[in-house]
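Novice: Sequence:
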Amino acid sequence: MMPKIVVTQPIHEEVLARLMQVGEVVMNPGPEPWSEAELHRHLKDADAMMAFMPDRVDQRTLLHAPRLKTIACALKGYDNFDLKACAQAGVSVSFVPDLLTEPTAELAIGLAIAAARHVLAGDVSVRKSYAGWRPQLYGMGLHGSIVAVVGLGAVGRAIVDRLCGFGCAQLLGVDPHGDDERLTMVSLGEALSQSDYVILAVPLLDVTRHLVNDTMLEGVRRGQILVNIGRGSVVDEAAVARALKDERLGAYAADVYEMEDWLLADRPRQIHPELLQHPSTVFTPHIGSAVKKVRRAIELQAAENLLLALSGSEPLAHYEASH
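So for the sequence shown, the working numbering puts the first residue at 1; every next one is plus one.
The hints are simulated quantities; they were obtained by calculation from the structure and are not laboratory data.
These numbers were taken from a predicted model, which means no experiment stands behind them.
Take the hints with a grain of salt, since some may be wrong.
As the list claims (entries may be wrong) - For lysine-lysine, the following DSS-like pairs were computed, each having C-alpha atoms within a straight-line distance of at most 25 angstroms: (1) K4 x K44; (2) K44 x K69; (3) K69 x K84; (4) K69 x K4; (5) K292 x K245.
To be verified - Label pairs and their in silico Cβ distance ranges: (6) E218 x L137: 41 to 47 angstroms; (7) D58 x M20: 27 to 33 angstroms; (8) D179 x D246: 18 to 24 angstroms.
Beta carbons are placed, not taken as given, at the ideal position from N, Cα and C, and that holds for glycine.
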């Protein structure tokens, strides 16, 4: 009997064909995720699942998937997957650790520039009524600025790679477990008080939730550009809204949001409305890896991980329950 493979978002034709060679594939046509009830219905006799960013897997999910052997995540972070529950249920969880690094680092730089140079306001101005240059929308460049990168994992280091070409006055690093000879290592408080830009590339852990909060933002350098491409709940969005209102922060740009951290029971259910209304914000809909050739490669890698697990082999990259 061929295994049943549940794919929770539409995938590239080449990837779909690869999976169909070995099993019966049930794929969500997307782009909206299945409801919990619909997902449970598909998982009740599934052997494998390819998961994407909107998915959450916890003990309740696993109770509705008694035959499930493996979950292949077409993503890097494991925040929304209860790894201990998966291990107890005998379900392996694999991921794609490297392919998202470069495009996410590129987006971080793009968000920083868009926020500091008033790109959105400029676009609106031109579309509304443009009569030529006027002395307006003066911002701040990366050249000659002090920039801090918080979190020196693969994405953080890739951001530093790109910043090195901008002629920044100084590059600061914040990471108790990392180092980089190109950076001056400082505490988070020092980074917030000294930097023109702070870019967050931090995973969501117990110790990093609301790492940037009211207390930290009390000492922020006035006019600072804060960029978050790590995880939404690394910042307290309400605190950021207050810092923008008080003009302590110059701008906030993000690709990730607290509402997306599905396993946190007390997460907000929407992006903070004051952030959405503030003119000094730039937001993208979690598109850090949304580059066509990159997404295809991610899906191919996830499919390979899934097939390896079904064959009894170890996926190329898998989670340990100790996380």
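Novice: Compare the distance between the alpha carbons of K292 and K245 with 25 angstroms, and conclude whether the hinted pair is satisfied.
Specialist: The hint is violated at about 37 angstroms.
Novice: Tell me if the straight-line CA distance from K69 to K4 falls inside 25 angstroms.
Specialist: Since the Cα atoms of K69 and K4 sit roughly 11 angstroms apart, the hinted pair holds (cutoff 25 angstroms).
Novice: If you draw a straight line from the CA of K4 to the CA of K44, is it 25 angstroms or shorter?
Specialist: 10 angstroms, holds
Novice: Starting from the range 18 to 24 angstroms, see whether the pair D179 and D246 falls in it by beta-carbon distance.
Specialist: 34 angstroms, violated
Novice: For the pair E218 and L137, does the Cβ-Cβ distance stay inside 41 to 47 angstroms?
Specialist: 29 angstroms, violated
Novice: Given the range 27 to 33 angstroms, decide if the beta-carbon distance of D58 to M20 lies inside it.
Specialist: 29 angstroms, holds
Novice: Holds or violated: are the alpha carbons of K44 and K69 at most 25 angstroms from each other?
Specialist: 12 angstroms, holds
Novice: CA of K69 to CA of K84, is that 25 angstroms or under?
Specialist: Satisfied, since the Cα-Cα distance of roughly 14 angstroms is no more than 25 angstroms.
Comparing the model with each earlier hint shows violations of hints 5, 6 and 8; every other hint is respected.
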